[in-house]
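Engineer: Here is what each chain is made of, one letter per residue.
Number of protein chains: 2
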Amino acid sequence: MANPQSSDIPPRVHRLKAQMVAHSLDAVICMKPESTFYLSGFNPIIYSEPIFVILTPHLDPILLVHVLRGKHAEASTWTPNLFLYGTWSNITTLAPTWPAALTTLLGDGNSKRIGVEQEFLPVTQFHQLVQALPTAQLADCTALIHQCRELKDADEIASARIAAQLADRGMEAAVAALQLQGATERDVVLASMRAMHEDWAAHYPDVEICDFGSLEGGYTSGLTAWVLSGPRQSFGCDNPVQRVPQAGETVSVFVWTVANGMHAELERTVCIGSVAASEKEALHATLDIRGEIALRLTPGTAVGELYETAKKGYDRRGYGEYLPGRIGHSIGLGPHELFSIDARSDRTLLPGMIVSLEPHIHIDGVASTQYSDTILITEDGHECLTRFPARVIQVAQAIYT
Amino acid sequence: MANPQSSDIPPRVHRLKAQMVAHSLDAVICMKPESTFYLSGFNPIIYSEPIFVILTPHLDPILLVHVLRGKHAEASTWTPNLFLYGTWSNITTLAPTWPAALTTLLGDGNSKRIGVEQEFLPVTQFHQLVQALPTAQLADCTALIHQCRELKDADEIASARIAAQLADRGMEAAVAALQLQGATERDVVLASMRAMHEDWAAHYPDVEICDFGSLEGGYTSGLTAWVLSGPRQSFGCDNPVQRVPQAGETVSVFVWTVANGMHAELERTVCIGSVAASEKEALHATLDIRGEIALRLTPGTAVGELYETAKKGYDRRGYGEYLPGRIGHSIGLGPHELFSIDARSDRTLLPGMIVSLEPHIHIDGVASTQYSDTILITEDGHECLTRFPARVIQVAQAIYT
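Protein chains in written order, with UniProt numbering: chain S, 1 to 401; chain D, 1 to 401.
Careful: at least some of the hints might be erroneous.
Which copy? The list can't say, so a pair holds if one copy fits it or any two copies do.
Straight line, CA to CA, 30 angstroms or less: simulated DSSO-like cross-link-like pairs of lysine-lysine [as the list claims (entries may be wrong)]:
id	residue 1	residue 2
1	Lys311	Lys280
2	Lys312	Lys71
3	Lys311	Lys71
4	Lys71	Lys280
5	Lys280	Lys312
These are computed hints drawn from the structure, not numbers from a lab.
Just chain S, same shape as in the assembly:
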C-alpha cells in the first residue's frame, strides 16, 4: 500500500492520525457516509452496499467498496489504496462479503484497539465487526472524528464558498419569483432550484452536488429550497404546497446547497407587501440581535457566550419568552453537524470552523422571522460566505392586492 507521504492526502487525514496516536488507537474503521467521503473523497451516492474506510497511523486511508462501485470509486478517490468486496460479473475481489474482506485486510483484529463511530454504527453491523475481528478491542471514536471535522481544510472551505454562491443564486431567484402574481410556494421553490441547477451546470464543471444518502439507498441532488408562507411558517420545514402567499403575510425562504459534500444554508424572511407593525418590529429585532452576536463571531469566543448574547438581546427587546433552543449550528459535510450554538455548548470558536447564525423569532399568529447565513470563522474574525443582503425584504404589495 502507498506510503503516507502521498501528496493528494489532505491535512484532515494527518490531523486524525495524530489524534489516533494520542488516543492509543491502532486503527479507525468508518462506514458513515460523511466519514468515508471525508477520508477518501468518494461519495458512492447509493449506500445500499456499505463502503468502509480503514485508517491506520502509518498508511494512506484504505477504501473498501462493493465491486459494483469499483470504477466509480477509482475515478473519485484521492487515496491510492482501493479494495473491492462482493460477487459481480467476472471481477476479482478480496472476499464475497464485507466482514470477510475486513478479516482479509486486518486478520482477526490482532488484538488491536480499533475506533468505530458508535453514534452512527448500527447494532447489527457492530456485532458483524466483532465477529469479523474477534480479538480487536472496539472503542467509540465519534468524538475524535467530530473534533477533526470541526476545522475545515482549504479544499473544504473552497467548496463551502461554491455552495454559498449557489445558495445566493437560489435566494435571488426565490425573491424574484415571489414578486410574480399568483406564484405558489411550489413555483417559488422550482424557480429557485432551477436557477441553482443552471448556475451549477454553467459555472462549476467539476463540482459534485450530490448529498449523502442513508444506508437504505440514499441519493439526492443537494440544491434545494423550501418556501413556507403564512401559517405554514411554524412547520420549520416542509415540501412546498400550492398555496399562494397572501398580502400582509411574511414568507420564510430556505435555501440549502451542497458542493463536493460541503453544505451552505441561507434563509430570509420576505414580506408580501406591508406587514403588521408587530411583525416588522420582530424582523428588525432579529436583525439587530444577529448584529450583536456577529460582533462576537471571532476565534476564542465560547459558543455558549454567543447563545448568552442572543438571550440578552431577546430579553432586552421583550422576546425572552420566545428564545429558541439554539441559534445556529456547525455546518459542513452535514447541513446540521457536530454542535449547536446553544446554552449547553462546550465548544470554542476557532479559525476554520463554519457555522450558521440564526436567531429566529416565532410567535404564533404574530411574527415569524427566519434569517440564516453560512459563516466562516477566520484568523481575526469571520467572513459571511453567503452574501445575499440581510435586511427587511419587502416585495411590492400592488401586485398582490
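Go by the hints and put chain D onto chain S.
Structural biologist: For chain D alone, kept in the frame of chain S given last:
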C-alpha cells in the same frame, strides 16, 4: 390515548401489531426515518432531532417528536397520539430530552419485551434506550418490520403509481434532450428533473416528493435523474458531468422518483446513432432475458427462481460470465429496500409486493445495458407501473455527426 379503531390507521399497523403478538413483543420503538414515516405518516425532512414511533398491540401508534417539529407533525400525521420533547420557546413538552420522554411514556420499561431496529439503531442510541428503560428486554425487530413492509397497502400502491408516472415524464424529457445537438449529461439531467418537478407542481397538489434523510440532517427532493455516457456507464451511478455523449455510444439514463415516501425507478439505455453490432446484440439479449423473467413475475414464484431464470438466459446467450450479483430488488419506502433478486434470496413473490426488474449486461469496452422498471405483483401476475416502452431506443445519428 386514542383507541385502536381509529379509521385513519392503515392496515400495515394492524398487520404489524398481529406480528408483534405472534412474536411476544409488548412494544416496538422505531427511530429509523422510513419506519417512523411508515407508522405515522410524518416525514420531518430534517432528522437531526430524532423522532420516534412507539407501537403497542392495543393503542394507535405514539409519535414522539422534538418540539421544533410539533406543528409540522400535527399537520402531517394520521395517528392521534402525538407527544413532544425538547426545550424551545414557551412550549410545554413531556421532557427536555428524548430518553427522558421515553421514560415518561414507558416507565422504566416495566420488564416488557420491546423490539428495536438493530440494523439501523446506532450503538450509542441503543445504550441510551437501555438506560432510559432499564428493566426492558430489547429484541431486534428488523425482520418483523421488513416482512410487514414487503406487502404494500392500497395507499402505498397509489403513491407508487404516482411516482412511476412522474418517472415516465422524466424519462420522456431525458430522451428528448438527448436528441439536442451538443447536450451534455448535465443538460439531460436538468431537463428531466425540470419536467418531473413541473409535472408534480401542476398535477399532484397533495403529493410530497421529499425523500428520507440521514440522521445528520437529511432533506431532499426525490425527483432525480442520472445520465452516464460512454465510459462513465461503468460507474453505475454518479452526478452528471459536462460530457457530451458521442455518436456510436450508448447512454444509461436513470430516473428515480418519490411520491409520499414511495419510490419508483425507471432506467433505459439510449443509443446515440448507430452502435456496434456487439452492443446491439447485448441490448436485445437484455430485453429478451427480461421477457423471460417477466413470465415468472407472478405470486408464488420463489425470488431465487427469477435469478435462476436470468442465469439461464445469460448462459444460453453466451453472457454467463457477466451475470450481475442481483437482477432487481424490492422497492418502496427505500429505493433499494428489503430484498434483492439474487441467488441467495429466500423470499416468495406475493400480491402487493413491488420490485424492480433489471438484468443488465456490462462488458467493459463492449456493451453496457441498463433497463429497469417498477413492477407491482398482482393477484394473478404483475403490472408494470412505469410505462415508458422497453425497447432499443436510438436517437437520430444525423445531429451528432
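Engineer: Work down the list of hints and note, for each, if the structure agrees.
Structural biologist: Okay, the hints, checked on the actual structure:
{"no.": "1", "hint": "Lys311 / Lys280", "in the structure": "within (20 angstroms within a copy, 68 angstroms between copies)"}
{"no.": "2", "hint": "Lys312 / Lys71", "in the structure": "between (55 angstroms within a copy, 27 angstroms between copies)"}
{"no.": "3", "hint": "Lys311 / Lys71", "in the structure": "between (52 angstroms within a copy, 24 angstroms between copies)"}
{"no.": "4", "hint": "Lys71 / Lys280", "in the structure": "between (55 angstroms within a copy, 23 angstroms between copies)"}
{"no.": "5", "hint": "Lys280 / Lys312", "in the structure": "within (20 angstroms within a copy, 71 angstroms between copies)"}
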